[in-house]
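Heads up: the protein sequence lines correspond to chains S and R, in order. Mapped onto our numbering, the consecutive letters of the first sequence carry residue numbers 0 to 520. Mapped onto our numbering, the consecutive letters of the second sequence carry residue numbers 13 to 617.
Warning: the hint list may mix true and false statements.
Per label pair, the in silico range of CB-to-CB distance [as the list claims (entries may be wrong)]:
{"id": "1", "chain 1": "S", "residue 1": "Pro290", "chain 2": "R", "residue 2": "Ser233", "range": "44 to 52 Å"}
{"id": "2", "chain 1": "S", "residue 1": "Leu11", "chain 2": "R", "residue 2": "Leu263", "range": "38 to 46 Å"}
{"id": "3", "chain 1": "S", "residue 1": "Leu11", "chain 2": "R", "residue 2": "Met172", "range": "23 to 31 Å"}
{"id": "4", "chain 1": "S", "residue 1": "Arg43", "chain 2": "R", "residue 2": "Arg484", "range": "24 to 32 Å"}
{"id": "5", "chain 1": "S", "residue 1": "Pro316", "chain 2": "R", "residue 2": "Glu498", "range": "23 to 31 Å"}
{"id": "6", "chain 1": "S", "residue 1": "Arg203", "chain 2": "R", "residue 2": "Leu218", "range": "41 to 49 Å"}
{"id": "7", "chain 1": "R", "residue 1": "Leu230", "chain 2": "S", "residue 2": "Pro229", "range": "41 to 49 Å"}
{"id": "8", "chain 1": "R", "residue 1": "Val182", "chain 2": "S", "residue 2": "Val12", "range": "29 to 37 Å"}
{"id": "9", "chain 1": "R", "residue 1": "Val182", "chain 2": "S", "residue 2": "Ser487", "range": "22 to 30 Å"}
{"id": "10", "chain 1": "R", "residue 1": "Leu218", "chain 2": "S", "residue 2": "Ala169", "range": "36 to 44 Å"}
{"id": "11", "chain 1": "R", "residue 1": "Ile229", "chain 2": "S", "residue 2": "Arg203", "range": "24 to 32 Å"}
{"id": "12", "chain 1": "S", "residue 1": "Gln253", "chain 2": "R", "residue 2": "Arg484", "range": "21 to 29 Å"}
{"id": "13", "chain 1": "S", "residue 1": "Leu11", "chain 2": "R", "residue 2": "Ala312", "range": "51 to 59 Å"}
What the simulated footprint calls covered on chain S by chain R, stretch by stretch (three residues with Cβ under 8 Å from a Cβ of chain R suffice, anywhere in the stretch; the number is not a length) [stated by the list, open to error]:
{"id": "14", "segment": "154-167"}
{"id": "15", "segment": "251-265"}
{"id": "16", "segment": "435-443"}
Among the chain R residues that face chain S by a calculated CB cut under 8 Å, a handful are [stated by the list, open to error]:
{"id": "17", "residue": "His415"}
{"id": "18", "residue": "Gln440"}
{"id": "19", "residue": "Val450"}
{"id": "20", "residue": "Gln489"}
Simulated from the structure, these hints should not be mistaken for lab results. In this text, a Cβ means the ideal position worked out from N, Cα and C, and glycines have one as well.
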Amino acid sequence: MSRPRRWWLALLVVLLFALMLTGWLSRLPTDLPRAVTMVARPARIAPDYTGCTLPPNIAPLNFVVQEPGTQYRVHLCAEGDNGFIVSSRDANIQMSAELWRGLLERNRGNRVYWRVLVRDEHRQWREFQTIENRIAREDADAYVSYRRLTPVHTLFANMGTFQRELSSFAESPILVSAVGLSRRCVNCHTFSANNPDCTLLHMRGTDGVAMLVARNGQVAKVDTRSATNPFPASYSTWHPNGRVIAFSLNDMDQFFHSAGTTRGVFDFHSDLALFLTESGQMVTTPAISDPDWLETFPSWSPDGKNLYFCRARRTWPALRKKERIVPADYRQVRYDIVRIAYDEKTGAWGKLETVLAARDTGWSVTEPRVSPDGRFLLVTMAEYGSFPVFLDSSDLYLMDLRTGKYWPLPINSPLSDSWHSWSSNSRWIVFASKRDNGLFGRLYLAHVDEAGQVAKPVLLPQHDPRYYDACLDNFNAPEFMVKPVSVSQREFLQAIYSTEAQSVVMDKQSCSVDSSGKAEQ
Amino acid sequence: MVRRCRFPVAGAVLGIVFLYLWYCLDPRLLYGADKVVLSSDHWIDFPVFLSGWDFLEQKLVLPGGLIEYLAAGALQYFYYSAAGPLILTTVIGAVWCGTARLWPMLRAPAGLIAQFVPIVALLVAFNRYTFHLASYFGLVAALLLVSSYVRLAHRRSIPMCLATFVVLSVPTCHAIGGAYLLAAGSCGLYEWSRRRRISLACLYFLSAVALPVVGRILVISRTTYIGPGMSWSYVAREAFATGWPAGCYLLFLLVMSVSRAARRHSPWIRSTWRRIDGTGRLRRSRLAVRSAVLLLLAVAAVLVSWDREARTLLKANDFARRGRWPELVDLLVSAPPAAYPPGLVYDINRALFETGQLGDRMFAFPQSPEFGLQISAEAMPQRSYHETLLQLGCANEAEHVIHESLEVIGLQPYLLSELATINLAKGQPGAARVFLNVLSRDIVWGEQARADLARLDRNEPLSSDEAVRHLRSVMLQQDVIAPSSEQLLLRLLRRNPANRMAFEYLMAHYLSTGQLQKVVEAIPQVRAFGYDRLPEHYAEAVLLYGQLAGRRVDLGGWTLTEASVSRFRTLVELTRGPDRDRSAIERVASGTYYTHYFLYSGQQR
Numbered sequence: 000m001s002r003p004r005r006w007w008l009a010l011l012v013v014l015l016f017a018l019m020l021t022g023w024l025s026r027l028p029t030d031l032p033r034a035v036t037m038v039a040r041p042a043r044i045a046p047d048y049t050g051c052t053l054p055p056n057i058a059p060l061n062f063v064v065q066e067p068g069t070q071y072r073v074h075l076c077a078e079g080d081n082g083f084i085v086s087s088r089d090a091n092i093q094m095s096a097e098l099w100r101g102l103l104e105r106n107r108g109n110r111v112y113w114r115v116l117v118r119d120e121h122r123q124w125r126e127f128q129t130i131e132n133r134i135a136r137e138d139a140d141a142y143v144s145y146r147r148l149t150p151v152h153t154l155f156a157n158m159g160t161f162q163r164e165l166s167s168f169a170e171s172p173i174l175v176s177a178v179g180l181s182r183r184c185v186n187c188h189t190f191s192a193n194n195p196d197c198t199l200l201h202m203r204g205t206d207g208v209a210m211l212v213a214r215n216g217q218v219a220k221v222d223t224r225s226a227t228n229p230f231p232a233s234y235s236t237w238h239p240n241g242r243v244i245a246f247s248l249n250d251m252d253q254f255f256h257s258a259g260t261t262r263g264v265f266d267f268h269s270d271l272a273l274f275l276t277e278s279g280q281m282v283t284t285p286a287i288s289d290p291d292w293l294e295t296f297p298s299w300s301p302d303g304k305n306l307y308f309c310r311a312r313r314t315w316p317a318l319r320k321k322e323r324i325v326p327a328d329y330r331q332v333r334y335d336i337v338r339i340a341y342d343e344k345t346g347a348w349g350k351l352e353t354v355l356a357a358r359d360t361g362w363s364v365t366e367p368r369v370s371p372d373g374r375f376l377l378v379t380m381a382e383y384g385s386f387p388v389f390l391d392s393s394d395l396y397l398m399d400l401r402t403g404k405y406w407p408l409p410i411n412s413p414l415s416d417s418w419h420s421w422s423s424n425s426r427w428i429v430f431a432s433k434r435d436n437g438l439f440g441r442l443y444l445a446h447v448d449e450a451g452q453v454a455k456p457v458l459l460p461q462h463d464p465r466y467y468d469a470c471l472d473n474f475n476a477p478e479f480m481v482k483p484v485s486v487s488q489r490e491f492l493q494a495i496y497s498t499e500a501q502s503v504v505m506d507k508q509s510c511s512v513d514s515s516g517k518a519e520q
Numbered sequence: 013m014v015r016r017c018r019f020p021v022a023g024a025v026l027g028i029v030f031l032y033l034w035y036c037l038d039p040r041l042l043y044g045a046d047k048v049v050l051s052s053d054h055w056i057d058f059p060v061f062l063s064g065w066d067f068l069e070q071k072l073v074l075p076g077g078l079i080e081y082l083a084a085g086a087l088q089y090f091y092y093s094a095a096g097p098l099i100l101t102t103v104i105g106a107v108w109c110g111t112a113r114l115w116p117m118l119r120a121p122a123g124l125i126a127q128f129v130p131i132v133a134l135l136v137a138f139n140r141y142t143f144h145l146a147s148y149f150g151l152v153a154a155l156l157l158v159s160s161y162v163r164l165a166h167r168r169s170i171p172m173c174l175a176t177f178v179v180l181s182v183p184t185c186h187a188i189g190g191a192y193l194l195a196a197g198s199c200g201l202y203e204w205s206r207r208r209r210i211s212l213a214c215l216y217f218l219s220a221v222a223l224p225v226v227g228r229i230l231v232i233s234r235t236t237y238i239g240p241g242m243s244w245s246y247v248a249r250e251a252f253a254t255g256w257p258a259g260c261y262l263l264f265l266l267v268m269s270v271s272r273a274a275r276r277h278s279p280w281i282r283s284t285w286r287r288i289d290g291t292g293r294l295r296r297s298r299l300a301v302r303s304a305v306l307l308l309l310a311v312a313a314v315l316v317s318w319d320r321e322a323r324t325l326l327k328a329n330d331f332a333r334r335g336r337w338p339e340l341v342d343l344l345v346s347a348p349p350a351a352y353p354p355g356l357v358y359d360i361n362r363a364l365f366e367t368g369q370l371g372d373r374m375f376a377f378p379q380s381p382e383f384g385l386q387i388s389a390e391a392m393p394q395r396s397y398h399e400t401l402l403q404l405g406c407a408n409e410a411e412h413v414i415h416e417s418l419e420v421i422g423l424q425p426y427l428l429s430e431l432a433t434i435n436l437a438k439g440q441p442g443a444a445r446v447f448l449n450v451l452s453r454d455i456v457w458g459e460q461a462r463a464d465l466a467r468l469d470r471n472e473p474l475s476s477d478e479a480v481r482h483l484r485s486v487m488l489q490q491d492v493i494a495p496s497s498e499q500l501l502l503r504l505l506r507r508n509p510a511n512r513m514a515f516e517y518l519m520a521h522y523l524s525t526g527q528l529q530k531v532v533e534a535i536p537q538v539r540a541f542g543y544d545r546l547p548e549h550y551a552e553a554v555l556l557y558g559q560l561a562g563r564r565v566d567l568g569g570w571t572l573t574e575a576s577v578s579r580f581r582t583l584v585e586l587t588r589g590p591d592r593d594r595s596a597i598e599r600v601a602s603g604t605y606y607t608h609y610f611l612y613s614g615q616q617r
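If we strip away everything but chain S, and leave its shape as in the complex, we get (with noise of 0.2 Å):
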């Protein structure tokens, strides 16, 4: 070996050895320190992970802790259960998922300890109250979906459909705005009983405008307008034996206020119809499409036998898209929650029969969802309105379907809470809040015993701790899934990009009706 070559190699051998010595020396010890003075409180800490209940199959809560210092340590444990210490030098705590896992494995439905402990500048120890959280014994889905977009007001560039595994921080795009040549409005989607084997999702765009319904693998573009019907489908629900859809057929238009908060939308027009997926007929019946009412958010029992939807009376006249414009008094449009009987192997319909109504509780109530356990119907209950996520009123109401008693959940916060979804054990929801700064929605898993008492939700959390604070996206319409979705976001671009719509016509003649159309109370 020439001299120069030794020259290099001996100097690659003392920059290695450099580096592991710098590496040993500035690992952090990972036993908790001996000498510490107790403060009476406990850590501040961000996101606020205490008090909270977990799902045990959660992914590391990590958090930053927000009390000055120069090391920091957090020891996680159980009773009888030494758990493990992270150390880190900045405020930032990340947990090792595989400890984490096994500490919440080991303790289902005991409380976890977090004894933070601070160094401060003058290398003294200061060890805050206990943090405690309960674990529950019931996992949650293992999958949730929601969209992801920015506070986007009319037009949408970069917004999506996403899926993410709960007890990792894996998350992958369902279907975005921005993929392939144009990009489109990606809106509610929604799975037969958690079951993501049954997929719909709605787009609207320059591709045109269409549900996208997967069905074991197969995605077909459904287009239901007509000639009769302009109107876009728009929220949907799966029947629980995947053969049929309801959905409901809005003319919304997005307004903007010039106080307060920026944006509201108002239903001009709506009604629900079925989609055959078999047939691939579109029926309806005058009780759920009623001119002169609107009737949105569709959601079946978990039994498949009632549709529950919200409805509230039109006071306003049919006008064409141009010459319309919000009434004056669309702070009064309240809606009622009802529900129809609905026979799937005959088509035929019950009556209708209202459930929670405006006038009972004062509020427009939306977004009926029945536990899947069909005791609890969780709804949102807001000042007025069909769209809760931009009012700040906006509340969760949990009602017995027992019992019929419904009361405001008290996790609520003075700001919006919306978009809730069931796990399928009926033991977890998921729902949109922005309690954090009234702009961006982010996702809060909450616990509901058999009694119906929910428990202080946890943020769904994410591998960098700070991650929210510089998020721009809002986080909204969560849906529980019981795995991912299989079909993948090539297969529904290639039905977008499909020439070959299927355009389907309601037929009111193919099922039976009953015309009544009136609510019996």
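Dock chain R against chain S, hints included.
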């Protein structure tokens, strides 16, 4: 020339280039000029740049993403007046140096033309102000790659050369995207002309075209969708979108190589070329003369191509963004642009308002018949429009258009800052923090954003407190849906009767829409805003209204100047009779409200 003239001459030329860029072109004007319209089909697209791995990662997944990232970062430094010229001079210097080193390797003549043309071409491109810096970074990177290849492949066997090419090509192609065309093409030329390895050269030529396309297809298939609508031309356009300067350079290189072959076969062409290019053995004096002629031609080309109109528009935008309103008015008076893009109309009206001249001089500048505060696709991305709305107190309208802009043009720091201000004014510090956190990653705005966040943590007043306080004092408290411009301005005045801007803009709205009666009815309110005389356009509207309505107008104690009355009488004379002479009216009433009323408002009587 670099080789021949050595460092002093090269340094002097680059020094002159730097001074030209600094004093004449002034690339600093590009910072803060995002979406400023320079002509009907040209506007500034100033890229967003955020510090942090996630932003780099987003860029790195795309072919050409690395140079896009570097160029976006470099462009942020255009905020500092000398940094932009320095970066552009460095690009020119690097291309010059690369040319001087590369061409002899390719046995192409590196004479005066070969070295002058790329520099002049670069200056001409920079003179348009709409240049895409990443493309020029790509050109430099491509020259660097071909130099590296020639150095490494020198006297190596074909397999070694091929291996070297592959190792250099794959990462470079991904890093520089379309500019790879030049890199691989030049390597092919080297193998063809210098080593006579025709098959290897052909392989390189093929890769020059194919590799960027394949790279783009791979990325598209991974991140998006290749379907029926996605044609080859689309993919090729995407693949070479940033490569056109490199492509032009390659074309020039090919032309020069062909000309070399032609010279070898034709003594006449050879001698003529040498006379022009100075590559032959010429006497020093002749060489000097030819150099001077070429230099003069180059200077002429640069000066002729310099877009002075664009500079005026950018300068006006710069004055507006810095709040130098009197200078903005002076600039547009001394060098009026041929067209007034929408953003400039908002700026000039704001400048006139800030300098107390809106009621006197607004019709000396082009005005829209509808003095628009209404949201339109044209106005939406204009920063001047956002600022006007915010200054007036239309917080929600501003929030609406800024969010739309954010969706379409990305995380521009000024949009984030405006949204932080709005949310602070609306009492949503949590939302303001989110915007400030993103803003803190900006190179220029970041420091202030971090300071603001720290102050928010300590509950101290913010630096933007003045803007927040102002907005709070004028923003609407009572809700109204889809108001017209007039309703909005009237509500703003009701909210804060001391909102002079709302009053002047309301009057401007009445004037521009020809609502003379409303102008006259509002005259008594003028005194409440501290005017010491009736603004000229208001006086003109009063005279016009009196004439058209045929009655005296109660001026509430105001008196009209003799000049106003006399001009009006002349105008009345000119407009009498069936054959009104428009040019005469325009001559007499130039800069007055009459011109607008009769010629533009569509309410001629």
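Comparing the hints with the structure gives:
1. S:Pro290 - R:Ser233: 44 to 52 Å: holds (48 Å)
2. S:Leu11 - R:Leu263: 38 to 46 Å: Hint holds: Cβ distance 45 Å, inside 38 to 46 Å.
3. S:Leu11 - R:Met172: 23 to 31 Å: holds (25 Å)
4. S:Arg43 - R:Arg484: 24 to 32 Å: Holds - the Cβ-Cβ distance for Arg43 of chain S and Arg484 of chain R, about 29 Å, lies within 24 to 32 Å.
5. S:Pro316 - R:Glu498: 23 to 31 Å: Since the Cβ atoms of Pro316 of chain S and Glu498 of chain R sit about 27 Å apart, the hinted range of 23 to 31 Å holds.
6. S:Arg203 - R:Leu218: 41 to 49 Å: holds (43 Å)
7. R:Leu230 - S:Pro229: 41 to 49 Å: Holds - the Cβ-Cβ distance for Leu230 of chain R and Pro229 of chain S, about 42 Å, lies within 41 to 49 Å.
8. R:Val182 - S:Val12: 29 to 37 Å: holds (31 Å)
9. R:Val182 - S:Ser487: 22 to 30 Å: holds (27 Å)
10. R:Leu218 - S:Ala169: 36 to 44 Å: Given range 36 to 44 Å: holds, Cβ gap about 40 Å.
11. R:Ile229 - S:Arg203: 24 to 32 Å: Hint holds: Cβ distance 29 Å, inside 24 to 32 Å.
12. S:Gln253 - R:Arg484: 21 to 29 Å: holds (26 Å)
13. S:Leu11 - R:Ala312: 51 to 59 Å: Given a distance of about 56 Å, which is inside 51 to 59 Å, the answer is holds.
14. 154-167: Since 4 is at least three, the answer is holds.
15. 251-265: holds (count 9)
16. 435-443: holds (count 5)
17. His415: holds (6 Å)
18. Gln440: The hint holds - Gln440 of chain R has a Cβ within 8 Å of chain S, the shortest such distance being about 5 Å.
19. Val450: holds (5 Å)
20. Gln489: Status holds, d = 5 Å.
Every hint, counting from the list given before, is met by this structure.
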